[in-house]
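The listed protein sequences derive, respectively, from chains A and B.
Every position in the first sequence, counted from 1, becomes a number in the working numbering once 83 is added.
Every position in the second sequence, counted from 1, becomes a number in the working numbering once 33 is added.
None of these hints come from the bench; they were simulated from the model.
Mixed in with the good hints there might be a few duds.
[Said to hold, decoys possible] Quick look at which bits of chain B chain A covers, simulated, 3 or more residues with Cβ under 8 angstroms:
no., segment
1, 235 to 248
2, 569 to 582
[What the hints assert, rightly or not] Ranges between beta-carbon positions, derived for each pair:
no., chain 1, residue 1, chain 2, residue 2, range
3, B, 283, A, 152, 48 to 58 angstroms
4, B, 552, A, 148, 57 to 67 angstroms
5, B, 207, A, 167, 48 to 58 angstroms
6, B, 795, A, 152, 54 to 64 angstroms
7, B, 657, A, 167, 23 to 33 angstroms
8, B, 798, A, 108, 39 to 49 angstroms
All values derive from a computational prediction rather than experimental measurement.
Ideal Cβ positions, reconstructed from N, Cα and C, are used throughout, including at glycine.
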Amino acid sequence: MVDLAPRFVSALDGVAVAGGRYGRQSVPPGVIVSEIREPGLALVTARKGCHRDLLGAVRSGFGVELPDTPRRVVGGNIAFVWSGPDRWLAFQHRAPKEGMEARLAPLAGLASLVDQSHGRTLLALTGSRVRDGLAKGVPVDLHPAHSSRGMRPPPSLRTYPCCCGRPTTGRATNLRSPAVWRKVSGSGSRLRPESTA
Amino acid sequence: MSEQASPPHRPQSTPLAMAASLGEARAHTEVVGAPARTQSCRMPTGGLIERARTLTFTFDGGSYHGHPGDTLASALLANGVHLVGRSFKYHRPRGILTAGPEEPNALVELGTGARREPNTRATTAELYDGLIAASQNRWPSLRCDLMAINALVAPILSAGFYYKTFMWPPAFWEKVYEPLIRRAAGLGRAAADADPDSYEKAYLHCDVLVIGGGAAGLMAALAAGRTGLRVVLCEQDFRLGGRLIADNRVLNDRSSADWVAQMAAELAALPDVRILLRSTLFAVYDHGTYAALERVNDHVAVPPEHEPRQRLWRICARRCVLAAGAIERPLVFGDNDRPGIMLAGAVRTYLNRYAVAPGRRAVVFGTSDETAATVADLARAGSEIGAVIDPRASVPRGIEVAARAAGARLIAGGAIVRALGRARVRAVEIRTATGATERIGCDLACICGGWTPSIHLASHLGGRPVWNDRLAAFIPATLPGGMAVAGAASGQLGLADALAAGAKAGLEAAAQCGASGQPVEIPETDGEGTLTTVLWRVRAARGKAFVDLQNDVTDEDVALAGHEGFRAGEHLKRYTTLGMATDQGKTSNVTGLALMAEFSARPIQETGSTTFRPPYTPVAIGAFAGTHRGKEFRPTRLPPSHNWARVEGAQFVEAGQWLRAQFYPQPGETDWSTSVKREVRAVRSSVGLCDVSTLGKIDVQGADAAEFLDRVYTTSWKALPIGKARYGLMLREDGMVLDDGTVARLAGERYVVTTTTANAAKVLQHMEFCAQWLWPKLDVQLVSVTEEWAQFALAGPSARHVLRKIVDGQHDISDAAFPYLAAGELTVMGGLPTRLFRISFSGELAYEIAVPAGNGEGLWRHIIESGREFAIAPYGTEALGVMRIEKGHVAGNEINGHTTAGDLGLGRMLSEAKDFVGRVMAQRPGLMAPDRPRLVGLKPVNHQDSLRAGAHFIRAGAKPTARDDEGYMTSVAFSPTLDHWVGLGLLAHGGERHGERVRACDPVRGGDVTVEVCHPVFYDPSGERLRG
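Using the sequences and the hints given, assemble the complete structure.
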C-alpha cells in the first residue's frame, strides 16, 4: 500500500551526494556537512512606521533586541538574523507545529510575516577546514576577528543567495553554513570539501 | 618519478664539459628514442636545484635530463639547447632571452592530448618528470622551418602590411588570402579535447597584500606580519627571493639565498601570514579587490584527483604593497634575436640559481653598472669573456675591475651593431669608439639596456604612469587606492634601497590598518652600482633590429608607423602590433615608445604610454570559469515532483534554470506527439495533473498592498474580495507588456501574485524597484515565495472529484462555495496547510493546489493515487502548451517584449480609472496604430498541413518579401481536440481579417502553408467548461 502520509522531503533528497567520505582519505575530514531538516524559518519585515513598536514586541515576546547590523541574536529557541534594512530572518531548529507565522503572531500587524521554512535548505558545516571550504563560495570575510559569533554576512554562495552565520555558543570552529536555493540539483554541493581536507 | 644517478662529476679545473667546438651545438638533432642527453652545460656545483634527483623530459621528441628546481628553460640550456622556437611572422630561429614571465621567444606547447597547452613560457614552466614539450610555429621541424621563406618577402610584411596588401582582386580575400594568412598566423595549437582538469575559485581576505616576494616584498611582508595583521604574500615564482636568488649577493654576511630562506622561515612561522607561491597577481580591481592565479598543479603531469589544476583567488585587501620588481630591457641592434643572445640578468639567473652556464665564450654588452656582476659571475663559472662593451665613454670603475679580473677586453664607447649566426650566435660585429668595426667570436651575448619598473598592476584602474628621465623609465603617478609601491617597481634598483623601502612600506601599510610595530632591521648589503645610461638603439645597425621580439616588430616598423602618422603610443601599438603579443610587450613597450619619441623628435612623455589592462599574464579560460562548467554553469532548479517524474520515465526540458517534465511517455508510446495527444485528451475528458511550481510566486503585504498592486498592474485590486483571484496584466514603463499572471487576496492586507516562470525574477525586480525607488513611502513588503510552495494544477472535468478526496472534509469545495477564481487557505491530507486557487490555464475545470514545498512530493503522490479511479494522467509542458494555445491564452511567445496589451487583445484590461506603470507610454501613437499586428488564431486550410512558429504572413498573391510581411506565427500546436494544427499569431489589422486566407511562409525551413485567420480561442470560447 502506498504511504500517503504527509512527510517532509528535503530539497537535497535524491540530488545531493549520498552520505559518506569524499576526497582525500589519508587525513581527517576537513569539512563535515550535515543538513538541518525541517527548520523553522520566516522573514519578518517591519511595516512602515512600526519599527520601534516591532522592536518592543520582539523584546517583550522573545526577550531579544532585534539587531540593526549583520548580527544574529537568540532568545530562547528562536533566533533573529539581520537580513537587510527592516528585515530579519527568524529561525528555529525545528519548525513549530503551528507554523512560523503563528509562532511569530505577537508581531502581526507590526511586521509582514512570510514563512520560508520550505523555501530554503539549511546546512551545518563543521571541521578544521570549514573556513577554507566556505572561502570557495562565500565572498565575505569569515576570519574569527572579523566574523564574530552571531554575525550574518551578506548573501552569496557563488551565484546562490545564501545566509551564513556562526552560532553564539559552541565550538569556535562550528559554522552554520549557507542556505541554498531549494531544489538545486547537485551543483550546490560541489564545494569540493575534499580539496580542503 | 624516476631516480637516476646524477651526471658524472666534472673536475673543477674544467667546470664546463662543453662541446669542443661551437658547431657541436648543431648536433642536437631531434632523435626520438635516443638516450637522454647529459647536461653538458650544467655546472658541477651550486644552484638551487636538487641534484640528488634527476628528471627526464622530452623536447621536440628528444630526451633530456634535469633536476627538481629547474624550469624547462634552465634544463634545456643545461643540455646545450638554445634553439627553442620560431618567430611569429618571419619564422626566424629564436632562443631563450630571459628567465621569467616576460619571455617573448621560448614559447612551447606543454603536454599532450587534452592537457596540451600552447604558448607556455619555458622560462616559468617548472620541470617535472615526464614533461613533454614541443616547439611551435614551425614546419616541418624547428631546425628546418619552410615558413622561413617569409623572410624573402619581409619588405612586404612590414608593419601594417595587411592594410595595404592582399587587396586585389577583392574576391581573393575571403577565399584565398584570409585562409592562408590565418593558417600562417598564430602561435601554438589549443587542445581539441575537453579539459579533463578542474579549476577552483576562492576568496581571500587580508589586511596587507604584498605583491612580489623579492627583497622589497619580503621586507614588507615581514614588517606587516610582525604586527600581527593578516598578510598575504603573493609570488609568481615557485620560490621566494626574486633577484636575491638570481644574483650572488651578500646580506648580513650571508649569501642572499640563505637570507631568503631565513626570511621565508620566519614568515611561514607567523600565524596570520599566508604565502602564495606559484601565484601571479594578475589584476587590480576597485575597492581593494585583486585577482591572482595559483598554479596549484601545473608542475605535475596529472593533478591529484581531489585537487584543482589552478585556483583563481579573489583577494580583498585593506592595503597593498606592490613590490613586483623590474623587467630588464634588451638592446636594439642588428639581428639581436639570434639564439644565444640573452639578457644579462637572465644569464646571472641561470648561472647562480640553476647552475647552468649558457655559453662557453661570452660577450657582455650593457648600459648599466650591473655589467660588473655579469662579468664576475661568468668568470666564476669558467666562461671565457671575449669582450665587455659599454657605450659610455667613461666606464665605471667597478666594470673596469671586473673586466680586468676576468681577463676580458673592455671596449668603452662601443656597441654591437650586428649579431652573426643563425641557429646560434657565433660572433658579434662591434663598432668601437673610433668608429672602427671588428668581429668578436662568441656563443653567448649578454645584453642589458636597463630596467623597467614593473608597474602594470598600478595602472589597471586607469592611472597613467609618468616618464622619469633619471631612471629612463615609466613610474606610477596615481596609484589605486590603498596601494603603495616599493623597491625596483618604484625605481629603487639598489638592493639596500629596496630592502629599506619594502620595510617602510610594510610598516606604513600596517599602520594604516591600525596596527603598530617595530621597524624591521635592514640587513647590511654588499654595495652595487645602479647607474644606467640610455641607448635605445644602435644606429646604423645592419640586419633586422627587433624591438618587439614576439610579434617581430623592428625599429624600421616603428619608424614606418611614425612616418605614416601613427605617432601616439596607442596608435603605434595597434599599427605595428608592438606589445600586442602574449608577453604584452614587457620587454619592448618602453623601447618602442622611446624610439617613436626619437623618430618624431618629441620627449617620450609626449608619445604617451599604452594602457595596461588585466590580466598581467595570460590566464586560462578554465580558471575564470572555475566550477561553472557544463551542467554547473548555472544551478538547475527542480520542481517538487521531479523525483517521481524521473522514476516514471518522464522526458524533461530546460525551462530557464528549471528542469520540467515535458511529457510522460507510457509503455508502447514511441513518439512524443502520441504521448502529448494522450495527455491532452486525458485532461479534456477526465483529469490531469501538472507541476506548476515553477511559476513565480510573490507575497505582497502591507497597508498599501492594494494601492501598490493598482499601480503596477493595469487593473484595479482594491475591490478584490478576500478569497478571490483575478488575472492581471503588468506593463513596462515604455508601455509594452511585461508579464501576466494572477493576483489572489488571502487576507485584508495580504496578496499572493503569480508570474510566468521565465519572468519571475524580472517581475520581482520590477516590483522592488517600484516599491523602493518610485514609491518608497508606500507600506508594502514583497517576498518571493516561489521555492516555499509546491503548486500543482489539477485540471479536467473530474478535477473536483479528485480534489474532494484530497481536501479535508470540513472544507466545502463545491462550485457554489468555491466558484471560478476563488482562492483560500485550507488543509489537505489530514491537516496539511494548503492554498487552493480555482484558476485555469487549460480551459477546463481546474484548481491549483499549493502546499509547503517539502510536502509537495507527498501531495503529488497522494493526488495520483486518489485520481487513479478517474484515470488521472500526469501531463507536462507540451500538453500544457497545446491546451493554452487551444484556449488562445498568450504566453512568452506572445509576451515577447514587443507587444502591447492592444496587440494581444487585452486592451480592455487597461483601466481608465487609475494610473499604472506604462499607462502614458502605452498611448504613444506608434503603440496605438491601427495597423499594428494583432493577436489572431490560425488554422490550415488543408487540415493535413502542419504549422510552424516563426512563419511570416503574406497576403494571398503577394511575394514573400519583407515589404509584404504582415506579421508572424507565434505559437503552434497540433490540437487533439480539433484534430488539426492550430496557431496563434500577430497579424496586421488582425481583428478585421477573420475568415481571410493568407500564406504562412517559412523560407528558412521551406514552408508555405495557406491558413485561415480566425478568433484565437479555438476551444470553449464561452468558457463554460472552466466554470463547470
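- Message: For each hint given before, does the structure comply? Return the numbers of the non-compliant ones in rising order.
- Response: Numbers 2, 4 and 6 - these are the hints that the structure violates, sorted from lowest upward.
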